[in-house]
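Protein chains in written order, with the working numbering: chain A, 1 to 303; chain B, 1 to 466; chain C, 1 to 322.
Among these hints, one or two may not hold up.
[Said to hold, decoys possible] No more than 25 Å apart at the CA atoms, straight line, and that leaves these computed lysine-lysine pairs for DSS-like:
1. C:64 / B:460
2. B:257 / B:270
3. B:216 / B:270
4. C:308 / B:463
5. B:270 / B:211
6. B:191 / B:216
7. B:186 / B:82
8. B:460 / C:89
9. B:463 / B:242
[As the list claims (entries may be wrong)] Some chain A residues close to chain B (C-beta under 8 Å, calculated; not the full set):
10. 57
11. 66
12. 70
13. 73
14. 154
15. 157
16. 161
17. 166
18. 169
19. 246
20. 249
21. 258
22. 261
23. 262
24. 263
To be clear, the hints were calculated from the coordinates, so they are not data collected in a lab. What you are looking at is a predicted structure, and each value in this text was computed from that prediction instead of being measured. Note that the Cβ used here is the ideal one computed from N, Cα and C, for glycine as well.
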Amino acid sequence: MTSAAQVRPPLPGTRRRSGLSRRGVLRSVVIYVSFAVFAAWVVLPLWFTAMSAISQPAEMVARPPHWIPLRPTLENFEAVFGTASKARNSSDQNARILLSLSWSLIIGVSVAVLNLLIGGLAAYGYSRFRFPGSRSGYVFLLVSRVVPAIAIITPFFIAFRVTGLINTPFALIFSYFLFTLPLSIWLLRSYFDALSPEIEEAAMVDGASRLRILWIIVAPLAAPGLIATGLLVFLEAWSEFFYANVLTSQLTVPPLLASYNSLQTFSWNTLAAATVLSLIPPVLIAVIFQRYVVSGLSHGALK
Amino acid sequence: MVMDERELAHVKAELDWSRRKFLKRAAALGVGAASLPLLAACSNNASTSAPTKAPASAAPTAAGPARTLEFQGWEFQPEDIKAHLAAWTKESGVPVNLSLIPNVGYGPATQTKLQGGATIDIFYNLTYNTGKFVEQGWAHDLKGFPGADDMLNDMFPQARARYTTPDGKIISAPYFNAVHTLMYNKSHLSKAGLQPPQSLQDVYDQSKKLKANGVKTPYVAYWIKDFCEEYLNVYLIGEGVKMWDDSGNPVFADDPKTKAVFEWWLAMFKDGLTTPTMLTDDPIKLATLMGTGEASFYVLHHYFLKIIRDLKDAPEKDNVDILYRIPSATGKTFQMGEVIQMGTKGEGRSVDDAWSLMKAYGWKNSAGQYSTFKSWAKAAQLGAPYPAFFADPEVIAAFGTNYDMPKLTDVFANGSDVQGGRSAAWYQTFQAKVGDRVHAMLLGQASPADTVAGLAADAKAAKGGI
Amino acid sequence: MSSDASLDGTASETPKQRSVRSGHSKLAAADRRFGLLLAIPATFIVLLLVGGPSLQTIVYSFEKVSFIGPTPFVGLDNYVRLLNSDEFKDSFRITTVYAAGFVLISTSLGLAFALLLNERFRGRGIARTLLIIPWAAPWLMVGIMWKWFIDADVGMFNGLLYQFGLIHDYVPFLANPSGALIVTIVAAAWRQASLSGLLFLAALQTIPPDLPEAATVDGASTLQRFRYVTLPWMRPVLMVVLVTNVIFGFLQFDVIYAMTQGGPGNSTTLLSILLYRQIFQFSNVGIGSAIAVVLGLVAFTVGLVFVKFLYRSESVYGRAVE
């Protein structure tokens with residue numbers, strides 16, 4: 001430790017204690033133990049699923065359990081893809097999971113994009129401007145989240161049936177868009193609120209139209225918030241089960257997993273393989289964009 | 001959800017001041033907004049108000065190209081389903097579109113779709129749903145369709161009650177049949193010096209002895225909520241209890257044997273002769289317990305014997321045998337089966353096409369073969385309600401490896417009851433309650449006597465249309 | 001007003017700008033029009049297409065709905081039947097317990113995780129990545145994974161307990177009514193804690209360093225710093241997290257559906273499951289709609305309680321958080 005560092009009180013979180021000081025050791029111990037507990041909490045169920053996916057069913061009943069399978073196998077993945085050699089697998093797999101994954105991706109991205117566009121504009125409007133009905137409109141949007149979506153599915157079903165959109169991705173894109181719009185408007189409005197309007201005002205003084213300001217100035221500035229919102233909306237759409245189950249024939253991943261779950265020919269190991277496959281895209285996307293989430297939620301840089 | 005604190009506080013203040021204005025505005029907007037879906041619902045109501053009548057003749061009432069039929073089933077042997085549909089399409093020239101729905105939640109999902117006005121020409125259904133679906137106008141009464149009576153006459157006499165109602169409607173066609181049997185581990189029993197059980201009391205006593213001998217969970221059965229109603233039939237039919245009178249009123253509560261059955265049911269669970277997870281376990285898991293020797297008795301559909309014999313890593317699987325006379329006072333067992341029904345949205349020649357497909361799928365194809373039933377027999381040894389099916393050499397060969405065909409056929413023909421009351425329009429409501437009541441009893445929340453009384457009350461309430 | 005609605009509470013508009021904005025000039029009128037134009041599509045869409053069906057549900061709750069016959073208006077009849085129904089009362093109690101446990105666990109774990117991840121340590125990057133992973137798993141999948149994780153034959157959770165000698169035989173958690181309720185709460189909280197953690201972490205990261213630094217200069221200990229700087233700062237986001245968790249908790253369906261389907265018995269039959277059974281299994285749309293209305297109202301009310309409870313203007317180091 002240099003004398004300079006000891007003279008100035010260090011910032012919290014960056015406090016670097018001498019490794020020999022008791023408080024420093026205690027702090028490290030607490031932190032690393034907490035880290036271990038936290039990591040275990042997150043990882044254990046996922047580890048179990050992953051290990052089950054490469055295990056044979058017979059190995060699962062070992063006591064104490066095998067933390068890593070002694071005889072790993074790819075047969076579960078083969079069963080999911082419908083290429084299993086044993087004909088006992090009587091479900092129509094043949095890469096249905098790949099199809100569902102693709103649809104889930106397409107639908108998720110579409111919903112996110114729609115939200116960012118339409119919800120983003122609305123959020124900006126609510127944030128920057130005061131107009132008649134703005135308060136009630138905004139509150140109404142927030143309150144709409146308490147509606148149990150399950151209860152209102154029938155009108156949607158009828159509407160989609162009448163328009164011939166049952167079992168198409170549009171039915172889901174549209175429904176998910178409706179239910180995630182309040183979330184994205186809230187998130188983005190909070191973000192815009194914290195974004196100083198000085199630059200926009202300067203641009204307006206310079207004669208730029210409001211739309212240009214939005215597109216050229218605000219959007220790039222709001223990038224972290226947009227990414228965070230886009231990701232959260234994507235994950236909400238990805239996660240939805242009930243509407244997908246009713247409005248489509250297992251078009252997306254959750255209803256497909258549900259059907260695997262009730263397949264009598266699918267053991268837990270095969271189901272685990274399907275689960276692992278289904279987790280790869282959202283986890284990848286989440287991991288890639290996760291650093292924007294926190295900053296996007298905390299509205300960018302502090303002045 | 002995520003109400004901004006300050007916004008909300010200010011809004012609340014505003015609301016207090018101008019509540020009337022706000023409500024007026026909201027009402028105006030809401031009425032306008034609500035009218036759209038309400039209109040849709042109204043038009044839907046009108047179109048589902050009455051099931052269309054069955055055409056009396058076989059001739060198409062409308063010429064022109066055939067509409068693609070919609071066929072819905074659950075996830076079992078989808079390749080076979082596709083093959084059957086393709087074969088029929090080849091013959092008839094009518095294309096068929098197949099949708100598969102997961103097993104879990106199949107009933108509610110189908111109901112939602114039909115309620116929403118979807119066109120499903122033929123769909124799998126669970127027997128206990130069929131009466132309700134016809135009453136609600138979601139499924140056709142097939143009485144009067146050409147060949148419907150012949151189809152019924154081709155069946156085992158007592159099986160007909162599943163597809164008909166007392167007032168003469170024909171509400172479904174067969175998909176598959178099965179009988180409840182007792183599968184048991186021969187070597188467990190012989191080691192304990194026991195003969196196969198003949199009565200419920202035997203099952204209890206033997207289970208106790210086997211448990212003392214080290215069998216972890218002697219008796220397993222598929223007691224999840226949704227399936228308790230099947231077991232209700234199994235146990236009561238076995239004891240010779242008449243469940244419904246001719247008007248469909250519950251009379252099982254009047255029979256003292258019913259209470260005895262429920263006391264046995266509770267004792268099996270409470271005294272640890274089963275596994276506590278049986279209230280939620282799936283049947284494959286239970287079959288695995290038989291395969292590993294952790295269980296000695298398994299009461300479920302006969303085709304689970306094949307499932308047990310096909311298990312991998314199941315050292316005891318060859319020791320598992322099947323008892324064709326289910327342990328009970330009468331030896332009669334419950335014959336269950338799931339069915340196909342015809343939707344009511346079809347018009348003109350679609351109805352005729354659908355009926356033709358229905359006959360091919362649920363009875364015989366144009367070559368006079370029970371082709372679909374044979375495929376299920378080969379795949380999983382499922383049964384059918386037709387005597388001629390059991391006489392078919394291909395079927396006998398398919399069953400032969402695991403089953404004593406004459407004995408099995410005899411159970412279907414004479415040793416089982418279909419429990420016709422299940423096709424009543426109100427039965428689905430009752431069926432759902434059975435699981436609730438039985439589970440409550442098993443979990444110690446209600447006594448057997450109260451459970452029986454409660455079930456009788458549930459049946460009356462369901463029948464009374466509440 | 002717009003400035004106050006952020007997690008960190010910093011102001012971003014001067015009062016003059018605000019007054020110009022809110023309407024004393026032609027420019028302001030043009031502004032208002034523009035704002036309206038931006039906000040109308042989204043708001044109108046939700047109003048019509050979520051508000052409409054919701055209103056219809058409310059209307060249904062006052063009717064005896066039939067799809068083959070007349071649908072008469074029955075006033076409060078459905079609600080009265082609910083209040084007299086043991087099934088409903090049980091479900092209400094179970095839902096409340098579930099939501100309480102869910103909110104408690106998600107919120108406290110989320111806060112704990114955020115505090116941890118706010119510290120500097122080796123591996124923090126990995127830890128941050130771990131935080132979001134549960135949120136990437138669909139609710140249904142969370143239910144399926146946890147159902148097997150605590151399975152009585154092959155579950156790893158039992159395996160862990162067994163390995164450490166805590167149990168001699170695997171425990172069938174889901175077969176036991178209270179066990180099932182607890183496990184479904186924990187499973188759902190496993191995912192929700194991540195969202196709460198992310199929100200808390202975002203707020204923690206916005207604490208201006210001069211605040212805790214000033215506290216340290218004043219001689220505050222770590223605990224005191226936490227109590228007098230961190231916690232008050234977190235009040236707004238705590239409110240947001242609590243209300244979010246309340247809504248998710250009351251409306252939870254997928255996890256229960258995947259894990260227990262409401263069983264064993266009725267021990268995990270939340271109002272959402274009851275609603276599902278009434279509408280989709282029994283076609284009692286009137287009763288089901290009444291349940292939906294009750295559920296929505298309860299979630300709204302509890303959320304409102306948290307807002308009122310936690311919304312208090314307060315000064316922190318002389319600065320009004322207003």
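Okay, the hints, checked on the actual structure:
1. C:64 / B:460: The given pair, whose Cα atoms are some 20 Å apart, holds under the 25 Å limit.
2. B:257 / B:270: Judged against 25 Å, a Cα distance of about 20 Å means the pair holds.
3. B:216 / B:270: holds, 15 Å
4. C:308 / B:463: With a Cα-Cα distance of about 49 Å, the restraint between residue 308 (chain C) and residue 463 (chain B) is violated, given a limit of 25 Å.
5. B:270 / B:211: Measuring from Cα to Cα gives roughly 14 Å; hence the hint holds.
6. B:191 / B:216: Distance of about 15 Å is within 25 Å: holds.
7. B:186 / B:82: This hinted pair is violated, its Cα atoms lying about 40 Å apart.
8. B:460 / C:89: holds, 23 Å
9. B:463 / B:242: At roughly 17 Å apart (the allowed maximum being 25 Å), residue 242 (chain B) and residue 463 (chain B) satisfy the hint.
10. 57: For residue 57 (chain A), the interface hint holds, since the closest Cβ of chain B sits about 7 Å away, which is under 8 Å.
11. 66: With Cβ-Cβ at 15 Å, over 8 Å, it is violated.
12. 70: With a minimum Cβ separation of about 14 Å from chain B (threshold 8 Å), the hint on residue 70 (chain A) is violated.
13. 73: Cβ of residue 73 (chain A) sits 12 Å from chain B, so the hint is violated.
14. 154: holds, 6 Å
15. 157: OK, holds: residue 157 (chain A) within 8 Å of chain B, min 4 Å.
16. 161: holds, 6 Å
17. 166: holds, 7 Å
18. 169: Residue 169 (chain A) check fails; min Cβ-Cβ to chain B is 16 Å, beyond 8 Å.
19. 246: With a closest approach of 5 Å, the residue 246 (chain A) hint holds.
20. 249: Given a least distance of 5 Å, the restraint on residue 249 (chain A) holds.
21. 258: Holds, because the Cβ-Cβ distance from residue 258 (chain A) to chain B comes to roughly 5 Å (cut-off 8 Å).
22. 261: Cβ of residue 261 (chain A) sits 7 Å from chain B, so the hint holds.
23. 262: With a closest approach of 4 Å, the residue 262 (chain A) hint holds.
24. 263: holds, 6 Å
In summary, the numbered hints that this structure violates are 4, 7, 11, 12, 13, 18.
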